Amino acid sequence: MSMLRKLAVAALLALLCLAQAAPALAHEERPVTFPDGSGTVPVYRTTGPELLVCKSDRADFERRVASFPAALKEQNLTLFERCQKDGFRHLQEAVDQVKGPGYTIKILPGLYQEEPSLPEPTGACANLQARWSSFGYQILSFEQQKQCPHNQNLVAILGIQDLQIEGTGASPLDVVVDAQYRKLNAIRADMTDGVYFRNFTAQRTTFNSLYILATDGFVIDRMLTRWNDEYGFLTFASDHGLYTDCESYGNGDSGIYPGSASDINAGRGHDVPRYAIEIRRCKSHHNMVGYSGTAGNSVWAHDNDFYDNMAGASMDSLFPDHPGLPQNHALFENNRIYDNNENYYRHVRDGTCAKPAGQRGYESGVVCPQIGVAPGTGILTAGGNHNVYRGNWVYGHDRTAFMLLWAPAFLRGEEALGKQADTSHDNFYGGNRLGVAPDGTVRPNATDVFWDGQGSRNCWDTRAATSPYVVPGCGGKAGELAGPGSHRVVGEPAKLAHSLVCAEYSVTERRLPAGCDWFGASGLARVEVQVTLGTSVLLGLLVALLWWRRLRGAGSLGTVSAALALAGLALDVPGAAQDHTLLPAAALLLLGAGLTGMGLALRRPYRFFGGATVVFGVLTLLDAVDKSLMLIPWLPLSPAWLRVLFAIVWVLWAVVRLAPRPPGSRAPEPVAAEAAA
Numbered sequence: 014m015s016m017l018r019k020l021a022v023a024a025l026l027a028l029l030c031l032a033q034a035a036p037a038l039a040h041e042e043r044p045v046t047f048p049d050g051s052g053t054v055p056v057y058r059t060t061g062p063e064l065l066v067c068k069s070d071r072a073d074f075e076r077r078v079a080s081f082p083a084a085l086k087e088q089n090l091t092l093f094e095r096c097q098k099d100g101f102r103h104l105q106e107a108v109d110q111v112k113g114p115g116y117t118i119k120i121l122p123g124l125y126q127e128e129p130s131l132p133e134p135t136g137a138c139a140n141l142q143a144r145w146s147s148f149g150y151q152i153l154s155f156e157q158q159k160q161c162p163h164n165q166n167l168v169a170i171l172g173i174q175d176l177q178i179e180g181t182g183a184s185p186l187d188v189v190v191d192a193q194y195r196k197l198n199a200i201r202a203d204m205t206d207g208v209y210f211r212n213f214t215a216q217r218t219t220f221n222s223l224y225i226l227a228t229d230g231f232v233i234d235r236m237l238t239r240w241n242d243e244y245g246f247l248t249f250a251s252d253h254g255l256y257t258d259c260e261s262y263g264n265g266d267s268g269i270y271p272g273s274a275s276d277i278n279a280g281r282g283h284d285v286p287r288y289a290i291e292i293r294r295c296k297s298h299h300n301m302v303g304y305s306g307t308a309g310n311s312v313w314a315h316d317n318d319f320y321d322n323m324a325g326a327s328m329d330s331l332f333p334d335h336p337g338l339p340q341n342h343a344l345f346e347n348n349r350i351y352d353n354n355e356n357y358y359r360h361v362r363d364g365t366c367a368k369p370a371g372q373r374g375y376e377s378g379v380v381c382p383q384i385g386v387a388p389g390t391g392i393l394t395a396g397g398n399h400n401v402y403r404g405n406w407v408y409g410h411d412r413t414a415f416m417l418l419w420a421p422a423f424l425r426g427e428e429a430l431g432k433q434a435d436t437s438h439d440n441f442y443g444g445n446r447l448g449v450a451p452d453g454t455v456r457p458n459a460t461d462v463f464w465d466g467q468g469s470r471n472c473w474d475t476r477a478a479t480s481p482y483v484v485p486g487c488g489g490k491a492g493e494l495a496g497p498g499s500h501r502v503v504g505e506p507a508k509l510a511h512s513l514v515c516a517e518y519s520v521t522e523r524r525l526p527a528g529c530d531w532f533g534a535s536g537l538a539r540v541e542v543q544v545t546l547g548t549s550v551l552l553g554l555l556v557a558l559l560w561w562r563r564l565r566g567a568g569s570l571g572t573v574s575a576a577l578a579l580a581g582l583a584l585d586v587p588g589a590a591q592d593h594t595l596l597p598a599a600a601l602l603l604l605g606a607g608l609t610g611m612g613l614a615l616r617r618p619y620r621f622f623g624g625a626t627v628v629f630g631v632l633t634l635l636d637a638v639d640k641s642l643m644l645i646p647w648l649p650l651s652p653a654w655l656r657v658l659f660a661i662v663w664v665l666w667a668v669v670r671l672a673p674r675p676p677g678s679r680a681p682e683p684v685a686a687e688a689a690a
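The numbering of the sequence shown is the working numbering, which starts it at 14 and goes up by one.
Hints are computed from structural coordinates only; laboratory data are not their basis. Note that the coordinates shown come from a computational prediction; the quantities given were computed from them, not determined experimentally. Don't take every hint at face value.
[Stated by the list, open to error] Derived lysine-lysine pairs resembling DSBU-like cross-links, with alpha carbons at most 35 angstroms apart: (1) Lys-159 - Lys-68; (2) Lys-490 - Lys-68; (3) Lys-68 - Lys-98; (4) Lys-368 - Lys-432; (5) Lys-112 - Lys-86.
All chains, please: the whole structure from these sequences, using the hints.
Below is the structure:
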């Protein structure tokens with residue numbers, strides 16, 4: 014990193030540290046390392062030792078299977094007879110009887126609440142020595158999980174290899190594992206290489222329905238998860254994973270979360286030999302986010318449906334203690350991402366989310382967003398590298414199809430200066446079908462790209478509505494730019510201010526930042542509009558006073574220039590809310606022309622201040638070009654930052670030039686006074 018870039022990052026970090034509170038933690042877990050990668054994706058099997066789980070109420074069972082196809086009904090009736098003789102009544106009982114690799118546990122239709130797992134911990138389990146997370150649960154070691162498996166888990170599968178668990182019903186809803194909001198996890202599979210889950214439902218937890226941790230080889234097949242405080246499916250620090258034909262809804266974070274997937278492609282370009290986790294043909298809807306993943310590395314998501322969430326998908330490098338940061342090498346292709354316009358913040362605002370989980374009404378459609386996210390977004394990337402988004406249908410969003418934001422490394426606990434601009438590089442958005450549904454119906458997004466301007470070698474192949482108005486274009490395959498691109502170490506100042514304000518969201522404190530449009534602010538209530546308005550008023554006052562006291566009698570150049578500058582400042586206020594249009598550039602063009610003309614008019618009486626005003630105008634014109642014609646390449650800071658930093662000097666200088674002289678003092682010659690100043 015060059016010295017100029019280091020200075021730019023250091024200055025911005027100082028501002029960020031002053032303005033931003035410590036980040037929340039998306040998911041806290043014991044320290045884990047990635048598997049060694051020697052495993053494989055398990056294959057569904059029909060042979061091997063078998064254990065059965067069923068309830069004993071025959072009438073209830075017969076009612077549940079009555080509408081099954083004849084062959085499946087007969088099969089389940091036969092299994093029920095066997096299970097009554099030598100089966101188990103609870104899933105955990107069967108798990109505890111697994112003697113080695115290769116077992117299959119079949120769960121017959123019924124509701125499984127695992128009553129023996131529900132009592133509060135007693136004895137040594139009630140006094141475990143472990144750190145408490147910010148969410149109110151203890152961070153237990155693997156040994157402590159084995160010692161006290163039901164402190165946090167309804168069903169605990171710990172260290173068992175090649176286990177297959179499947180429901181025998183016609184659909185996932187025929188077998189339901191229900192935590193009743195009394196456990197952190199419905200099912201925890203920890204260090205369980207080769208685990209395979211198929212055809213049942215897990216639901217109603219204070220964190221995750223199905224949690225797979227530190228596992229090399231897993232499959233989630235035709236599974237349903239729903240109604241959880243945080244995640245439906247959570248897989249963490251795992252490799253050789255497959256989600257297929259799954260569904261999740263009603264979750265306060267995301268339905269599908271492949272966090273810290275094995276970082277097998279770190280250091281590579283877009284030449285990816287394999288992906289750690291594949292997600293295909295899944296549906297995730299009516300969550301805060303359909304898909305998310307801090308350090309969601311080397312994930313291939315294709316042919317899925319993410320819809321009716323607040324945001325369709327997100328990946329990030331924001332939160333500490335996630336192995337594999339910064340996030341890299343996700344591939345999203347051929348997904349349908351649409352109508353992600355839900356706004357569940359109303360449940361935080363009215364106090365619903367402050368109630369105990371079981372009283373919030375998750376089953377009736379309540380979702381309690383756990384972190385701040387922009388409603389109406391297709392795919393959000395908050396700090397990620399070498400991601401490829403291609404061939405997706407993205408439509409019907411009230412905000413934007415794609416959002417790309419900076420994530421400084423200090424947010425994840427890394428203070429090294431050289432790492433602070435290590436995200437938001439080499440992201441490729443190509444061949445996506447934006448604003449149209451697969452059936453040809455036109456369903457536009459409000460904008461197609463929202464980018465804060467930070468990062469290198471990012472590109473988009475869209476020519477529709479983007480913020481900024483121009484973005485780097487793509488050439489052919491992933492990683493190719495159509496032009497010089499941009500290489501900025503920090504984002505645009507207005508968007509950075511916006512991100513800082515929006516980051517103050519807290520569900521536990523019912524804090525919804527007033528100036529952020531994510532939470533309902535509009536018009537003059539938006540922070541970027543407020544900042545622009547305040548700046549315009551200050552600069553407008555100085556421009557008017559300079560004209561009145563220094564340029565009024567200096568000819569038409571000063572008068573016309575001051576009028577242009579004032580018009581640009583007035584236009585800049587509505588432009589702050591519409592930066593996907595040419596309005597901001599037009600405002601800057603008028604302001605820049607006006608300042609340049611004023612500077613030329615001021616140079617005769619005030620040589621240096623007049624010259625500084627010309628420089629201010631030229632920087633403003635440069636910013637107008639950057640926002641309308643092309644992003645000026647190879648600048649570590651956008652012209653907006655150069656303009657803002659120079660404006661501070663200019664404002665102070667203008668105040669000095671306008672300050673009244675002490676009573677009785679003799680007015681010096683303007684040029685001589687300027688030289689003395």
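So, going through the hints one by one against the coordinates:
no. : hint              : result
1   : Lys-159 - Lys-68  : holds (26 angstroms)
2   : Lys-490 - Lys-68  : violated (55 angstroms)
3   : Lys-68 - Lys-98   : holds (12 angstroms)
4   : Lys-368 - Lys-432 : violated (41 angstroms)
5   : Lys-112 - Lys-86  : holds (30 angstroms)
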